[in-house]
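Given these sequences and hints, build the entire structure.
Protein chains: 2
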Amino acid sequence: MGIRSDMLAMGDRAVAASRELVTVGTKKKSAILRAMADELRKSHGPIEAANQKDLEAGEKIRLSSSLLDRLELTSGRIDAMADGLDEVARLADPVGEIISEWVRPNGLKIDKVRVPIGVIGIIYESRPNVTADAAALCLKTSNAVILRGGKEAIHSNRAIATAMTTGGRDKGLPDGAIQLVQTTSRDAVRELCRMVGRVDMIIPRGGEGLIKAVSEQALVPVVKHYKGVCHTYVDQSANLEQAMNISMNAKTQRPGVCNAMETLLVHEAVAAEFLPEIGKRLESAGVEIRGDATTRLHLEGVKAATEKDWSEEYLDLILSIRVVSSAREAIDHINNYGSHHSDAIIAESDAVQNQFLKEVDSATVYVNASTRFTDGNEFGMGAEIGISTDKLHARGPMGLEELTTYKYVIFGKGQIKE
Amino acid sequence: MGIRSDMLAMGDRAVAASRELVTVGTKKKSAILRAMADELRKSHGPIEAANQKDLEAGEKIRLSSSLLDRLELTSGRIDAMADGLDEVARLADPVGEIISEWVRPNGLKIDKVRVPIGVIGIIYESRPNVTADAAALCLKTSNAVILRGGKEAIHSNRAIATAMTTGGRDKGLPDGAIQLVQTTSRDAVRELCRMVGRVDMIIPRGGEGLIKAVSEQALVPVVKHYKGVCHTYVDQSANLEQAMNISMNAKTQRPGVCNAMETLLVHEAVAAEFLPEIGKRLESAGVEIRGDATTRLHLEGVKAATEKDWSEEYLDLILSIRVVSSAREAIDHINNYGSHHSDAIIAESDAVQNQFLKEVDSATVYVNASTRFTDGNEFGMGAEIGISTDKLHARGPMGLEELTTYKYVIFGKGQIKE
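Residue numbers (this note's numbering), protein chains in the order written: chain A, 12 to 429; chain B, 12 to 429.
These are calculated hints, taken from the structure and not from any lab test. Honestly, I wouldn't trust all of these hints.
If chains are identical, the list can't say which one is meant, so a pair holds when it fits in one copy or spans any two.
Stated by the list, open to error - Quick list of in silico lysine-lysine cross-link-like pairs, DSBU-like style, CA-CA up to 35 Å:
1) LYS428 - LYS238
2) LYS162 - LYS428
3) LYS238 - LYS424
4) LYS53 - LYS314
5) LYS53 - LYS120
Next comes the structure, spelled out in structure tokens:
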């Protein structure tokens, strides 16, 4: 009961703040963001001390070195968080934009206006910089935010949140606009995503387990940031040297991220020419290959891919390869096994390109480019709160616009319905 | 287990159909819609016979006369359904529209393209014409649809669905594109809204109970069409004659619909002048008034409103009235008790208008017009699948565009991430 009533009270404060935020203009929001950045810069001491506590606790429970690395807040990373806030302050404010407007025959003027969503719940894991980034993007779009970070980063997150609210308060940050869940109990997550009427959207960011748990418990709409099982399909019409470069980039440039390639599909007509060469390059980059039967005819000593491999998000230097007999088969493979995130075709044929772009049911589809470009910054959005693998509300990279909704504002002169 | 596996199989057929539908062009979809309309016109006999069965069963279980009226398919209503299909055929096809396009400094060309959502589940109650309307709008937008109508209309719905699929098949309607759940068991609803990966969106249309049940069970995203507790606020700056006309229209022109006014808020400065006159007009229109204490000072013999009245959707000739001391109080009342559907201010003051439009958190906000205009046709959308009271994906009237999502289509020339 304690957690429940605490969360409901937090929700009430967030709703009150969200109503105040619709009256706060762009200039004031920018001033708040800059004050928050300044306060972060002044708070190296307390933030690093808090972070040290989390790191020590993490070592005690033997967190992996990559998790410890994500958790660590060096002086440089604290400055980068502060700089991030200043950058968000400089972005254009989407709130109030008139998306479209028209006049009806009866004289009613209808404006479709971009407005904040209200209260957003962000549930995330180890990286404490998300605390600053997410709060800044929500504030920029006049949304109140309830942040629920990982247990392992609780001291760091508290120190960051304290610096931000302290810095923002003098410039008019409404009470309750940025709140961090203080308990590390999982019950708080459950409450947060069931507070219909107090929370308008939940964004879970993290591993598959987190996202599944949130989706299954939620009553509030969730925009999921699920895994990326991304494909590159090398068509028979491909420029093979280009296919080689793009595939190597998609797999090896940064294998631990959701837009890295996990499965390479190769048309049988070019398999004999393409596979041995890419096999060599992958091997020298340290990539483990798991191939279907035909791939293994062309690449000796390669492990057999199992059915499970086709839907695996390795996030590592591992690649599954399958030879297909047509673009049709490649498209079907992607739609059946993929995660509808980012998929590319390497082809010179317009007809095959168009078929792929139309029929692959993914948030982002590429012709002759690396899937690694699926990213708010690469899209020119200026900021990114995540990459949605859902189809509703937002699909693909989510920037500031995707943290807004709209309302219809209608101007009449006494019109009544006949 | 039988219902579960039947529903999953239905979902698989819908997914297969949705993949085929992305390859079906506008002309072909129009031909299918017209063939469906023709077949409905040829099927008066079987549809009326099926409807007779539903009506008899309905009388046996003593359905109210208004429910029986909704259920009845007269010859004229069948023709109207068919005409509706022809109208949908004539609407512009939103699929394939390039919503925006830009080129990045690295030469990548990004198109944000409107695409179908995939598989849509529609769960609705007694009106059998929804079967035809919803199927047509989904087909027009290249979505596969699974229809789950009310138990009381099952024979009518089957006859309509059969006519549509029979009519469409010869013109290339994909198998599984329009499916009606055949069982009347509630377990089917549960399965339908939990088929993640097979269903992309659920639209529930009906009473509060239905929508609540669906939202609570759903794992698939739901776009809710909840109740309409709509307000008209008469400011002290209002033109009172205009306020009178608009209020009467919003309450009495068609009280049984979601955009009718349920609560009238009156500024205290005009209460003495406004209330006695509107009270007379409401009384002669047969409207029962439930007022707060101040209202009852001005209107003798009026029932006292209880706390419950302020959030009640009467859908009837009943109106709650409250006197407020400021626009601020009116806005807070609407945000606290309303359903975020449609709310109007009657005011001449620009400042008060703007405050109301900005701060009332509703899908549609009006200045000096009746809330009765919240409607896809009145907005010029050409068609309406419902009115969303959610903030995500779609808000307010949902037309064809709101049955689509988007994908990013990216054209490269070998770009790789640095």
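Can you give the numbers of the hints that this structure goes against, from lowest to highest? 4, 5
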